[in-house]
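A.B. asks: Go ahead and model the full structure; you've got the sequences and the hints to work with.
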Amino acid sequence: MKPDSYVVHIVDDEEPVRKSLAFLLTMSGFTVRVHESATHFLAVAPTLAHACLVTDLRMPDMSGIELLERLGAIRALPPAIVITGHGDVPMAVSAMKAGAIDFIEKPFEDQTLIDAIIRAASRLEDTVEVSGDTGALRTRLDSLSDREREVLSAVVSGLPNKTIAYDLDISPRTVEVHRANIMSKMQAKSLAELVRMAIALKVASICH
Numbered sequence: 001m002k003p004d005s006y007v008v009h010i011v012d013d014e015e016p017v018r019k020s021l022a023f024l025l026t027m028s029g030f031t032v033r034v035h036e037s038a039t040h041f042l043a044v045a046p047t048l049a050h051a052c053l054v055t056d057l058r059m060p061d062m063s064g065i066e067l068l069e070r071l072g073a074i075r076a077l078p079p080a081i082v083i084t085g086h087g088d089v090p091m092a093v094s095a096m097k098a099g100a101i102d103f104i105e106k107p108f109e110d111q112t113l114i115d116a117i118i119r120a121a122s123r124l125e126d127t128v129e130v131s132g133d134t135g136a137l138r139t140r141l142d143s144l145s146d147r148e149r150e151v152l153s154a155v156v157s158g159l160p161n162k163t164i165a166y167d168l169d170i171s172p173r174t175v176e177v178h179r180a181n182i183m184s185k186m187q188a189k190s191l192a193e194l195v196r197m198a199i200a201l202k203v204a205s206i207c208h
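Going left to right, the sequence shown walks through residues 1 to 208 as full-length UniProt numbering numbers them.
Read the hints as simulated data drawn from the structure, not as lab findings.
Hints may contain errors.
Said to hold, decoys possible - Have a look at the derived ranges for each label pair, beta carbon to beta carbon:
{"no.": "1", "residue 1": "ALA180", "residue 2": "PRO46", "range": "22 to 30 Å"}
{"no.": "2", "residue 1": "LYS185", "residue 2": "THR112", "range": "20 to 28 Å"}
{"no.": "3", "residue 1": "SER28", "residue 2": "ASN181", "range": "32 to 40 Å"}
Said to hold, decoys possible - The calculated lysine-lysine pairs, modelled on BS3-like cross-linking and capped at a C-alpha distance of 30 Å, are:
{"no.": "4", "residue 1": "LYS202", "residue 2": "LYS185"}
{"no.": "5", "residue 1": "LYS97", "residue 2": "LYS189"}
{"no.": "6", "residue 1": "LYS202", "residue 2": "LYS162"}
{"no.": "7", "residue 1": "LYS162", "residue 2": "LYS97"}
{"no.": "8", "residue 1": "LYS106", "residue 2": "LYS185"}
{"no.": "9", "residue 1": "LYS97", "residue 2": "LYS19"}
{"no.": "10", "residue 1": "LYS2", "residue 2": "LYS19"}
Yeah, the Cβ is synthetic: ideal placement off N, Cα and C, and Gly gets one too.
C.D. replies: Structure (structure tokens):
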């Protein structure tokens, strides 16, 4: 799908961010519209066609997660990308469960956002595109140790490392080591990709 065949809607309460993202995407050939609040976008969303959404996670009027949930409830959820600041990973996991196709952690490279938008607008099944079929994913999952499965399940549940460490009676550093091993064994290039795999495999139900 060509970048000029759909509109990228940017939702962010900070004007400098809106302008910066709009400039970047416009210069990259996208058609862009900006919205100063989630409430504003929610009001116009039912009338939109051929749209892609880029939304901040933390906003004063309505969080990015709540926006996705409300859009889903009225069946007006376009392919969506959530932008999150450092430390918001648990919320970003929740955003993906609410329907986001991807999330990007700040700071990010310009091309990272552009590539994510292209994937989202094309409505690609990222877990299949990047990771192969479900059988291959299950084989990778089977390669995890019992402890790694517990950590994976906790990560997908949106728990931070310190909470996982407390619940499993291990150190935060050990959690980090397990997470690194999980990323390697699952062949995930990013946390977003790992979450997509886990959701596809219904990891929470498998691991408990």
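A.B. asks: Look at each hint and say if it fits the structure.
C.D. replies: Right, here's what the structure says about each hint:
1. ALA180 / PRO46: 22 to 30 Å: violated, 43 Å
2. LYS185 / THR112: 20 to 28 Å: holds, 24 Å
3. SER28 / ASN181: 32 to 40 Å: holds, 36 Å
4. LYS202 / LYS185: With a Cα-Cα distance of about 17 Å, the restraint between LYS202 and LYS185 holds, given a limit of 30 Å.
5. LYS97 / LYS189: Since the Cα atoms of LYS97 and LYS189 sit roughly 19 Å apart, the hinted pair holds (cutoff 30 Å).
6. LYS202 / LYS162: Given that 30 Å is the threshold and the Cα spacing comes to 23 Å, the pair holds.
7. LYS162 / LYS97: Holds, at about 22 Å.
8. LYS106 / LYS185: holds, 25 Å
9. LYS97 / LYS19: Distance ~29 Å between LYS97 and LYS19 Cα, so the pair holds.
10. LYS2 / LYS19: Between LYS2 and LYS19 the Cα gap is close to 22 Å, so the pair holds against 30 Å.
Violated hint: 1 only; the structure is consistent with all others.
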